[in-house]
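S.K.: For reference, the chains in residue letters:
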Amino acid sequence: MGKYYWIFNLDRCIGCESCVLACKQEHNTLPGIQYRRLHIVNPELYPEFPTYRISIACNHCEDPACLKGCPVNAYRKRNGIVIHHPNECIGCRYCLWVCPYDAPQYSKQKRKVEKCDLCEERLIRGLEPACVSACPTQALELVEHLDSSIQGNVLTSISGFPEDETQVKLRLKGTRRIDGVQGFSKRRER
Amino acid sequence: MGKKYRTSCPRNCYSTCSLLVTVEDGRVTKIEGDPLQLTTRQPCLKGLSYVEQVYSPERLVYPLVRKGQRGGGQWEKVSWDQALEMIVDKLKVIREVSGPEAVFYYAGSGSSGALNKLAKAFWYQYGGYTGVYGDLCWSAGLEGERLVYGENRHSDPQDILNSKLLILWGKNPSYTNIQETRWILDAVESGTKLVVIDPFKNPLAEVADLFLQPRPGTDGLLALTIIQELILDGGYDREFVQNYCQGFSELKAEIGAYSLAKGAEGTGILAEQILALVDLFREIKPARIISGYGLQRYTNGGETVRAMALIPALTGNIGIPGGGWNYANLQSSFDLEIPLPPEPERIRLSIPVARMASGLHETTDPALRMAWIEYGNPLVSNPNVNKLKAGFGKLEFIVVVDQFITDTAAQADLILPAKSMFEQTDVVTSYWHSYIQIRDKLIEPYAGIKTEPWIYRQLALRMGYDGHWIPEDTEELLDKQLRTKGLSLEMLRQGPVYAPWANPVVYCDYQFETPSGKIQLVSSEAEAIWGLTRVPHYRPPVESNGSDERYPLHLVTIHPRGRIHSQFRSNRWLNEISQGPRLKMNIDDAILRSLKNGDPIIIYNDRGKINASVEISWGLNSGVVVIEEGWWLREGGSVDVLSEDRITDLGYGTAFHDCLVEVRKDG
Chain A
1 MGKYYWIFNL DRCIGCESCV LACKQEHNTL PGIQYRRLHI VNPELYPEFP TYRISIACNH
61 CEDPACLKGC PVNAYRKRNG IVIHHPNECI GCRYCLWVCP YDAPQYSKQK RKVEKCDLCE
121 ERLIRGLEPA CVSACPTQAL ELVEHLDSSI QGNVLTSISG FPEDETQVKL RLKGTRRIDG
181 VQGFSKRRER
Chain B
1 MGKKYRTSCP RNCYSTCSLL VTVEDGRVTK IEGDPLQLTT RQPCLKGLSY VEQVYSPERL
61 VYPLVRKGQR GGGQWEKVSW DQALEMIVDK LKVIREVSGP EAVFYYAGSG SSGALNKLAK
121 AFWYQYGGYT GVYGDLCWSA GLEGERLVYG ENRHSDPQDI LNSKLLILWG KNPSYTNIQE
181 TRWILDAVES GTKLVVIDPF KNPLAEVADL FLQPRPGTDG LLALTIIQEL ILDGGYDREF
241 VQNYCQGFSE LKAEIGAYSL AKGAEGTGIL AEQILALVDL FREIKPARII SGYGLQRYTN
301 GGETVRAMAL IPALTGNIGI PGGGWNYANL QSSFDLEIPL PPEPERIRLS IPVARMASGL
361 HETTDPALRM AWIEYGNPLV SNPNVNKLKA GFGKLEFIVV VDQFITDTAA QADLILPAKS
421 MFEQTDVVTS YWHSYIQIRD KLIEPYAGIK TEPWIYRQLA LRMGYDGHWI PEDTEELLDK
481 QLRTKGLSLE MLRQGPVYAP WANPVVYCDY QFETPSGKIQ LVSSEAEAIW GLTRVPHYRP
541 PVESNGSDER YPLHLVTIHP RGRIHSQFRS NRWLNEISQG PRLKMNIDDA ILRSLKNGDP
601 IIIYNDRGKI NASVEISWGL NSGVVVIEEG WWLREGGSVD VLSEDRITDL GYGTAFHDCL
661 VEVRKDG
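Order-wise, the sequence lines are chains A and B. The numbering used here applies: residue 1 is where the first sequence begins, and numbers increase by one. The numbering used here applies: residue 1 is where the second sequence begins, and numbers increase by one.
Quick caveat, the hints were computed from the structure, so don't treat them as lab data. Note that beta-carbon positions come from the ideal geometry of N, C-alpha and C, so glycine has one too. Warning: the hint list may mix true and false statements.
[Said to hold, decoys possible] Stretch by stretch, here's where chain A covers chain B in the computed footprint (C-beta under 8 Å, at least three residues): (1) 23-33; (2) 36-44; (3) 48-55; (4) 198-211; (5) 305-317; (6) 567-576.
Go ahead and model the full structure; you've got the sequences and the hints to work with.
M.R.: Here you go:
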């Protein structure tokens, strides 16, 4: 199995978007291009469904749809990271169609696709990805292996999430927001 | 590669983060958190976007003089010499003909630093000015807290980890103090009970054990109802009250005016939920109330905070780790005495800042002729914007010092570019943690921009004043003053310094700087200074649901996540993820007005109207609407077009939230 798994704690994400801005700053992406984005499930706070925030970049899947679908082999894997090679990219955007997580981003200015490279250069220097080190609540982590202590407590999918057809390397934990749909929670009798 | 330097963020924000800044070839290229500052190791999205902010193409780099009509958007670039001459000319004539009080001097909260005080070294030598007193934000609560405890202090943010019960009351740290959420979430994971009290269901309410949604402006009633239950039905800490509190019998005698039924009706919270909270206070210790800065922005705000502040005392939660009352922590604040010339007699502090809009119109003898505005954008951030704008319109000369052409600068006759936080060394303190920090000069001022002290020094010299009060070398001045406190700039460059006189857990010596030396459950100062009752009582806000049937919606203006008030609008990174002004509205209210999600709307009342879009939400009750503040005219208009310029009951604060509106579809 490849290295690197994102671990995302739904209970700890408060939607602050520090990760989004840290990613923007690290990669200095052009206007409108964000490799990492915040998604809010049920932002209307409809009371019979949970509301949670989830920050998603490339999940560096074990069986990546982008890589399989690319007609020019612009995607390759290196040390468990799905790397996009801009020199080979022809901007056809097939990868945008097949990725279930909207990870590849198309740059109109460059006429090419770009995406998260897991901050490979930072990893080589022994640093965490920019998004992980910017998270003020430790909602987002990157681990090199899924040991048993993690495996028992995580999910690969939650309702509303794509079927795991790509062997995604994102694991979710924290179910307090999902369990706590009681809205006015835990009323007490006197 | 560049080199990393330490600085701190001077915005008007709880967190006051220490930052590591990479500078390459004289340019700021990267912002990161400072691993040395445990409390704020990760900056927020705004802090991370300074790289874009400093070099924004919208940033002002030279003085601009108005061409054509005021507010017409036509400007002419002038040299600093021309700009300063123009100001000196006006200042001399105005002082000669009308006196120094005809100049209105206003400094906002846009950028903190000890050197901001140097402005006074100029204005004192000018012979005076007309200024404001009071505060736009927290002062009602500061006074409410002071009347009870004698000071404004709370324990270290990390002490949240020692709490077994946390009451997050009117505060949404996921927007305004993200570093605090880490401690709260850690505590919750280890079993601490979390209660959230907020008119809007904020992100932490979703993980709370109990969530109460009071009607806006009724927090004081909720507090007094809780106190009534604790005192009359048992559960307060008798021993603590006997030892450390003053006025219990008087409080007990008057608290009978409140009851669970009245409290439930007034706040709109179910009686059983109020009891659930009372039970938690009875059963769990240490408990800490963390108050926000929204609930004091009502005409009853000071008494709200005074009543809330009694609960930790009555339950014996003061002076212990994990317990307490978190409103404002001024432990790191210290008076870095900037030497000033003698204070002239003709300083006229006659206008409460809350009532600036009316004050500009009403001030006479002499009437105001000129305004100088720095570190602020009152035409977005101060109440009753339209009236305020008309007040500015009567003046013959307006100078605004800012980094951008804000809504206020757009009405100026002369705009002077302001420095950024990376362009001059200063010292900043926090109102949340207890660290003193350097805000260091890391780059030369961008494109020849000048600092505010430079501007004042040049003006002083041109006016023939004593220039030594505003020295050229401001670092030497700071260092000299720091050394009188046993600190130095070099020391601060090594990392944030925990204020030597601060306590991680406050009031553990049970010494209170109050008239009685005890916690004042009742206060004669409240009566003597403010004309209120000795026991805190609830009075409904002047303007709230039911007080004007034409406007059935109570508008609550919350702090934005991606801005500090009106700052950061010119930041392209943040604008990429901004959704623009959106009014959160309950589904019933939306149906009543035939509105669907995303519809363009006009929000209006007698004071004015603004544009926004509607966001239907189940997170708030019918009759309440919520919008983020800080929007500029070009984005739809400041939310404070809608607010009245009213003063609070205590502390000369600003009652922004006494505000009713109606909403209709645009077009």
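S.K.: All hints are to be evaluated individually against the structure, with a verdict given for each.
M.R.: Status of each hint after checking the structure:
1. 23-33: holds (count 4)
2. 36-44: Check passed, 4 qualifying residues.
3. 48-55: holds (count 3)
4. 198-211: holds (count 9)
5. 305-317: violated (count 0)
6. 567-576: Three-residue rule met by the region 567-576 of chain B, so holds; n is 4.
In summary, the one numbered hint that this structure violates is 5.
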